[in-house]
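Visitor: Sequence:
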Amino acid sequence: MDLQEQQLELKRMKIEEMQKMRKVKEQKLEELKKIHTSVDALLSLVMLNQCKVEYKSSGLQYL
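Residue numbers (my numbering): 1 to 63.
Mixed in with the good hints, there may be bad ones.
[Stated by the list, open to error] With a Cα cut of at most 25 Å, we get these calculated BS3-like pairs of lysine-lysine: (1) K20 x K33; (2) K14 x K25; (3) K52 x K33; (4) K23 x K33; (5) K28 x K14; (6) K34 x K20; (7) K34 x K23; (8) K25 x K11.
[Claimed, not checked] For each label pair, taking beta carbons as the anchor points, the in silico distance ranges come out as: (9) R12 x L42: 41 to 49 Å; (10) K23 x G59: 37 to 45 Å; (11) L10 x L42: 44 to 52 Å; (12) K52 x E30: 28 to 36 Å; (13) M21 x L43: 26 to 34 Å.
In case anyone wonders, no lab produced these hints; they're calculated from the structure. We treat Cβ as the ideally placed atom computed from N, Cα and C, and that holds for glycine.
When you get a sec, could you build the whole thing from the sequences and use the hints?
Guide: Given below as structure tokens:
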């Protein structure tokens, strides 16, 4: 293998490594999106329950 072939092989390996890193970052981003969605849903549920508690403690009745 001559010098030019070695350089091309090195560049190819670097490109492959960058592609792997990008894929890992994309997977992490997808996981973060799922976590964000779950946290958002839980927060909405907590806020809804808090409203119900405040409504009940005010002495008003559900319609």
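Visitor: State for each hint whether it applies.
Guide: Each hint tested on the structure:
1. Of the pairs offered as hints, the one joining K20 and K33 holds, with about 20 Å between alpha carbons and a cut-off of 25 Å not exceeded.
2. Between K14 and K25 the alpha-carbon distance is near 16 Å, which keeps this suggested pair within the 25 Å criterion.
3. Only pairs whose Cα atoms come within 25 Å are accepted, and K52 paired with K33 is rejected, the gap being roughly 29 Å.
4. Taken as a hint, the K23 and K33 pair is honoured in the structure, with Cα atoms around 15 Å apart against an allowance of 25 Å.
5. Taken as a hint, the K28 and K14 pair is honoured in the structure, with Cα atoms around 21 Å apart against an allowance of 25 Å.
6. Proposed proximity of K34 and K20 is supported: the alpha carbons are some 21 Å apart, at most 25 Å.
7. Of the supplied pair hints, the one linking K34 and K23 holds, its CA atoms being roughly 17 Å apart against a limit of 25 Å.
8. Among the hinted pairs, K25 with K11 is consistent with the structure: their alpha-carbon atoms are about 21 Å apart, no more than 25 Å.
9. Between R12 and L42, the C-beta spacing of about 46 Å keeps the proposed range 41 to 49 Å intact.
10. The hinted range of 37 to 45 Å is not satisfied by K23 and G59, whose Cβ atoms lie roughly 57 Å apart.
11. Range check, L10 to L42: about 48 Å between beta-carbon atoms, so the 44 to 52 Å window is met.
12. Between K52 and E30 the beta carbon distance is about 34 Å. The supplied range of 28 to 36 Å therefore holds.
13. The beta-carbon spacing between M21 and L43, approximately 32 Å, falls within the hinted interval of 26 to 34 Å.
Violated hints for the displayed structure, listed by number in ascending order: 3, 10.
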